[in-house]
Amino acid sequence: MIFPEHELHFFQKFGLTGRLIERCLGEALSAGGDFADLYFESIASTSISVDESLVKSASQGVSAGCGIRVCSGDRTGYAYTDDLSAERLMRAARTAALIADGPSKQQMAGFREAPKASLYPISAADADPGVAPKLELVMRADRAARAYDARIVQVRAGYNDELRHILIAASDGTFAHDTQPLARLNCYVIAKDGSQSSRGGSGGGGRVELNFFEGDKSPEHFAREAARQAILQLSAVAAPAGDMEVVLGPGWPGVLLHEAVGHGLEADFNRKKTSAFAGLIGQQVASSKVTVVDNGTMPSRRGSLNVDDEGSPTQETVLIENGILKGYLSDKLSARLMGMADTGNGRRESYQHIPMPRMTNTYMLSGEDSPEDILRSVKRGLYAVNFGGGQVDITSGKFVFSASEAYLIEDGKITAPVRDATLIGNGPEALKYVSMVGNDLALDEGIGTCGKDGQSVPVGVGMPTIKLDRMTVGGTGR
Amino acid sequence: MSTVTPISTTESKTDMQQVAADVVERALRAGAAEAEAVIREGDEFSTVVRLGQVETLKESGARGIGLRVFLGASGGYRTANTSTSDFSEPGLAHLISGAIDLAQVTSQDPFAGLPEPSAMGQLPGDLSLFYNDVYSMPTAERIEYARRAEAAALSADPRLTKSDGGSFDAATGHKVMANSRGFVGEYRRSYCSLSAMPIAETEKGAMQRDYWFSSARTLARLDSPESIGAEAARRTLRRLNARRVPTQRVPIVFAPEIARSLIGNIFEAANGDSIYRGASFWTNQLGKQVASANVTVIDDGTMPGLFGTAPFDGEGLPTRRTVIIENGVLKNYLLNTYTGRKLNMPSTGNASRGLAGTPGIGAGNLFLEKGTVSTQQLLSDIKVGFYVTELMGFGVNMVTGDYSRGAAGLWIENGELTFAVEEVTIAGNLKEMLNNIVAIADDLEFRGSVASPTLRIDGMTIAGE
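These protein sequence lines are chains A and B, in that order.
The first sequence runs 1 to 478 under the working numbering.
The second sequence runs 1001 to 1465 under the working numbering.
Everything labelled a hint here was simulated from the structure, so no lab data went into it.
Hints are not guaranteed to be accurate.
[What the hints assert, rightly or not] Each computed SDA-like pair below joins lysine to any residue, with the alpha-carbon atoms no more than 20 Å apart: (1) K217/A with E162/A; (2) K116/A with G173/A; (3) K192/A with V1438/B; (4) K1162/B with A278/A; (5) K1370/B with S1261/B; (6) K1342/B with S53/A; (7) K1331/B with A1293/B; (8) K192/A with A238/A; (9) K273/A with L1160/B; (10) K56/A with E1034/B; (11) K1204/B with P181/A.
So here's chain A without its partners, still in its complex pose (with noise of 0.2 Å):
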């Protein structure tokens, strides 16, 4: 194909050609691989924070390097270099072809771009709109945060946004480019009364640009909010402890998703057959009311992206459909070991990362119970509305997440908030005790980062209401 080079960040900036390209791929091959991809990325990024009222610092950062990727048959060598000077990527390209061990077998194909979805927001680059009016938002958290409640004694605002740019070519034509914003705004307090201190947290963005924040999402929404859990704290009584009930609020508690079911379909744990859904595909994993899918097409949204990492259109991947397991999320290499459709959920941190297969916005679908309906069926119950971070061990499939805004249910009511407390399960059999589903499916706010062998990613998380007639609940009371 004819490169549109004008057009393109890394042509423009770091000149880059078409054929440096083909020599690049061609080197990396040269050892008897049969794929090879390169992946540029440049990233500019901006954080700035207040604390104590005072702006005391504000980062700036660029860095751009490439990686790339040889695989012969399950094998995979890789080399990056952070200098895009002709001479260094072909040292990485030999570098990474050493996997193999033949004579270069593997012609190129010609390079196609497919068409991609816009899903978020570009300005110009000349429109950057400066440091001055993120600081405003931030400066607008600590006040309002403050200005909630005189028991709120410290405040922390940070906004952070990048901009990254992506391109991809790969030995099987995939010729990609992106450009993915990134901005995030938290605000986290500290409540004091007496000797009795608490804190809370909120935050929330996605792929968007700084007029998101203009709207409801604005910086007193999210300082609202953690000033209002923080104070809530301050009165929290003692989690209770053992198997109960349990309602899960709309949104973030999604994370349940993540962990119980998420991780363990991603497509590597199931070729190796080390998950713990290894095989389970059509059979019974959760309770009839359950569908649940990973979708990297919602526009704007923190886990979206046009292509994947590796230049791979995203899709809607039904993962789970009314309780039977349907499928997993792959990335090339997966795809092509165990004969399945690439989902387009190939994903890695950085260009000095290996890509492997990811999550992207992972929802359950809504249900027919009403949330009041849903919270009345219970006698003696958990209501979590609220949490921080999950884990899961992907091979005995049990997994965590940690209530950060619970609430005890007695006789079908909401009463007393409890202390934070860990909520643990089996990912294979939890969703079979969910006996209700709500109509009223959220996503989370726009704060999920997920950790995996190293490498962090940005995700969605959503969920509706829903009932778990039986979970462990790692509290310290009755």
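Starting from the known structure of chain A, fit chain B onto it as the hints suggest.
Frame of chain A, contents of chain B only:
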């Protein structure tokens, strides 16, 4: 501080020192009152062998430079940071002008600024942090190392049917720092590690995985692949047929590799950043009894060859030994220059500095001093208890001390480890947990920069069936 040498400005600078010093000098000329530059260079190699075949092979390097500037103003400095991977002339010019521009919009802060010159310095002599040999093995031998570790694990027992592989990693890092108050320093560190991650399966197909590893600054100190594989196998097999236990309160024993995480919690509680914000339950607790009288916790960045050792901290202060808890009494917080000024105390030389952002707080080698009883004796006093070998999740609230985490391990009956336990939580409050450390074993070993002996804590709740 007899171990500290004054900074010599007469020695000739290395190339990277010169780059850092030039950037500082140019920042001053561009209008900064003070400046600090840090350069990091790193190389890495890693390979994973799975089921005897190479799965991944990765080899590369990268570098970056970070700049922190202070703009003069009566009433306090304004501060900003920039970083880049672009060392070209335009790249460095942008780094400097960007930092100056950015600092114009930040607030004046009377506590901001570089350390006093009298506080700066570095440990003399060879701290045994860098060994060339981590890269000395040919690639084929590195792969063979990883293959042997995995093979040793999988051959230990027929129930070990699957694998997340054996891996060998090597890395070197080079850190250079210079500031406008005369500090110039650099050091190199090397690292290598070998691990095995086997998976065991019951007849019914229930799988468990675990791992074991060895890491060192030199190949000469790595455990053999065979011993790593054998230990990984032992740890994985003992998790098979795990079951839940009822909700109850029994003594909890934290195995050393898990007790480390509690030492990590102690670090967070003593972190000066959290202390001055009131975000730690140890705010205003200096001099008070915060743990059992048998508990002494030390941070020591000076121990030769260990993973938390460096000649100077992230602001150019010599590292040192700081007693955090002595016989249960809270003696010191861990501070950098900024948090020290906020609390009206000297820095403890615990500044940590990445390329971007302001310095945070980092630990050196952080450990709880060993006790006098053997692990066996510690267990033998327990009629019914839970020996924890794995913790999951992030359920620790440093403001309140509330602690609730997923756990797996082995059940203790009459002083003996019996069946495997999983899918339960353990919960309590860190303030009470530290005061309920009723026994400390003598098995302290540094496998990383944070270390603890086996600990017994009473009064926690297990949530299960």
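Cross-check of the supplied hints:
no.: 1; hint: K217/A with E162/A; result: holds (19 Å)
no.: 2; hint: K116/A with G173/A; result: holds (15 Å)
no.: 3; hint: K192/A with V1438/B; result: violated (32 Å)
no.: 4; hint: K1162/B with A278/A; result: holds (12 Å)
no.: 5; hint: K1370/B with S1261/B; result: holds (16 Å)
no.: 6; hint: K1342/B with S53/A; result: holds (15 Å)
no.: 7; hint: K1331/B with A1293/B; result: holds (13 Å)
no.: 8; hint: K192/A with A238/A; result: holds (18 Å)
no.: 9; hint: K273/A with L1160/B; result: holds (13 Å)
no.: 10; hint: K56/A with E1034/B; result: holds (16 Å)
no.: 11; hint: K1204/B with P181/A; result: violated (48 Å)
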